[in-house]
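Chain C is already provided as a structure; the job is to place chain D on it using the hints.
Residue numbers (the working numbering), protein chains in the order written: chain C, 1 to 260; chain D, 1001 to 1602.
Hint data in this document are derived by calculation from the structure and do not stem from the laboratory. Everything numeric in this text was worked out from a predicted model, so none of it was measured. Heads up, a few of these hints could be off.
With a straight-line cut-off of 35 Å between C-alpha atoms, the simulated DSBU-like cross-links for lysine-lysine are [said to hold, decoys possible]:
#	chain 1	residue 1	chain 2	residue 2
1	D	K1039	C	K100
2	D	K1148	C	K191
3	D	K1153	D	K1274
4	D	K1148	C	K197
5	C	K24	C	K100
6	C	K191	D	K1039
7	C	K197	D	K1153
8	C	K156	C	K191
9	D	K1274	D	K1181
10	C	K199	D	K1148
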Amino acid sequence: MNVVVCVKQIPDPADPGALDPTTKTLKRDGKLILDESDSYGVEMALQLVTAAGGGEVTLVSMAPNGEVSGLRTALAMGAAKAILVSDDALAGSDALGTAKVLAKAIERVEGADLILTATESSDGYTGTVPEQVAGLLDLPSVTFAKHIEVDGSTVKVQRQTEAGYDDVECPLPAVVSVTAGVVEPRYPSFKGIMAAKSKPVDTLTVADLGLDASQVGWAGAGQEIVSIEEAPAREAGEVIEDDGTAFEKIVAYLDNLKVL
Amino acid sequence: MADYRPPLRDIHFVLDHLTDVGALCELPAFAGLDPDTIKGVLEENARFIAEVVAPLNRVGDLEGSRHDPATNTVRTPAGFVDAYHQYVAAGWGGVPFPAEYDGGGFPWLVGIAMQELISSANMAFSMAPLLTQGAIDLLMHHGSEEQKERYLKKMVTGEWTGTMNLTEPEAGSDVGAVRTKAVPADDGSWRITGTKIFISFGEHDMAENIVHLVLARVPDAPPGTKGISCFIVPKFLVGDDGSLGERNDVACVSIEHKMGIKASPTCVMSYGEKGEGAVGYLIGEANQGMRYMFTMMNNARLSVGLEGLALAERAYQDALQYAQERRQGRAPGAPAGETSLIVELPDVRRMLLTMKALVDAMRAIIYTNAQAIDLATHHPDPDVRQRNQELVELLTPVSKGFGTDMGIECTSLAIQVYGGMGYIEESGVPQHFRDARITSIYEGTNGIQAMDLVGRKLPMRAGGVITDFLAGVAALDAELAAAGDELAVVREQLAAALAVVTDTVQWLMEHGLADVRNALAGATPFLRMFGLLVGGRYLAEAALAARADLAEGEGDTDHLRARLVIARFYAENLLPAVAGLAPAVQAGFDDLYAVGPEALAG
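With the rest of the complex left out, here is chain C (with noise of 0.2 Å):
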């Protein structure tokens, strides 16, 4: 059983982040983490190789500078190895371009039967790559899924929707979103940490994965951000004073919000 996870850097949420007013796209320059919403990926990527017997676990991402920390988390949580691509051509990317450069990652990775994802980053959410690669790699693509389980040559997920869940089967491979929060990823031991170091990461450009420059990065956007503005200040919030019918305002008030 070999797992192929996509996972993405990104920059530290617990650290102010910034927006690049002439790009407007989010500044990348620092040091990235591994998003915590692939986190849940990777544990349930791990899980399923050890309850299938065997078989590894490969990282497949995408990003500036060469970065690999957040990659270093993860293979210190017990992926095996990584393919990272990370090349000058690709900032501006949008996500189909970004899914097209993780799908030629991915198709070089032997033996995948099964390609997990977030449902979407916590960075960018566009939450379209994972369907793009599917589309790509011409797999069946499952989305939201809250527990996996492989029988053979078919995966069975259990599809989070607003109401509870569907039971949806689909035969391998197949490209599997997985909905942040459903396992709780394990923290990379020292001694994963350590062996992490000597773990293979396969950097590659994009003309290693024959792609061209073109295709890719501004040059290939076929989605453009138009403009940005600064989040509005946060209003003054509304005081009720209880005469004895303020929970007739606070279910009003929240009926309103669609929330009951």
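Showing chain D alone in chain C's frame:
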């Protein structure tokens, strides 16, 4: 209480600029290590500690550990057992121990950085691994091969914890008064009987076995510290195959109700209550126990000094955040009718900068001390080893005494920043102060540290060690002069403090020799003045290093500029106290004994 955020930027700055972690990696003992690997390990450790251990700090304080008198067992607060098992599974406890005992083979300096994180996150929790570390240290140096084989590896992994059993009701600071007895048994082991008190993690539910190291007297032992022997007394006897056997005759008969570190069970341990004695195994030779204890003493004292730093850091984080949320009054210059954040008030700024400057000074002192331990142990050149061992001896009472005094000071200042809310337990800040208050007492009271500094450390190499250290302070003058106006005040105040300390050391040497009571009476104010000078030295070095980075355009500019401000603030606001302490050191002992205590009663 704010969430704990590991201060990795500050820690990395000290590791790179005030100590030299890169140079440590060049030593044969640390072959294969590099600074990037060390950073990676610290970052993952910090994440684990912040997410798993830190959230248990408050519940630990509220719930405390509980003793069940029916079974003499101790239940730790909710979440502790699971967090400890995760800590063991991750292998964090073994990182700074040699690979031959399944440790990670990392420098002690890195172990100290990790210890800062866990102590800040949850000091009570941290004491289980800390005490184990002390026991490992002693066994590693003095245990037989067979004893190491049987106990050490499980302690390095943390599967078993360790304790240090010194104190008895009549033997506190005076360890020589120990009365616990050990008599030889036919099979070569010993039978231990007696009562020990104040035993941290003497009983708990986090590990399957506890290895007690117990000080006791063998028959016909000489009186005092020369007649003390050290024994291994496991909670469960350990078979030749490493399996756990019979429950030993050692019991935790009660735990103390304390002011702080409530989750750390402080146990009264009874040995041999049921029969002829608990089974014990002699470490090394009889009557050498005190000497063995001393081999771990420096490390243990450094770790307690580190607790002062760790709690100061945690309290500072809380105060800094609260000051940026709480509005009250109007800061000078703020528009009329607007309520200011208290962080804009000058006196609150003063308190925050005082805490920050002391935290940085403590971290610099303690990490330098830890690096000296690595160099004294692992450097191939015997002269370098010797020089660093001297530095360890000189700095240890400063790390412990000054570090914990300032830890208490900073945790108290955090309460002050919170104002009335700081006196309310719900705010979470009082816990840091209550937790910190023990640190100036245990592992040798700060009075003992001061006497150690004045009585044992100043006379080292006929005063050569302290002279060398003071020469190191003087040597900074040229660099500070070259830095110009930016650090002029640092240069001026450091030189003034150096002159006072040099003069006071001279006075202590002369008058302490004439009558030791002169040295002992002035020891505590001297420890404070020396600590202030040592901190001033390293903050000046930090400012010079930050200035060099700024010139080269490396690193985060705001953060580096803050280091210059911190050094100046410390020089102007804290360092001048050195001069004020000189009369207290040089007052001599006459008035301490001029009248009897009855005359001092009201």
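Inset, instruction - Check each numbered hint against the structure and report the violated ones by number, ascending. - result: Hints that this structure does not satisfy do not exist here, as all of them hold.
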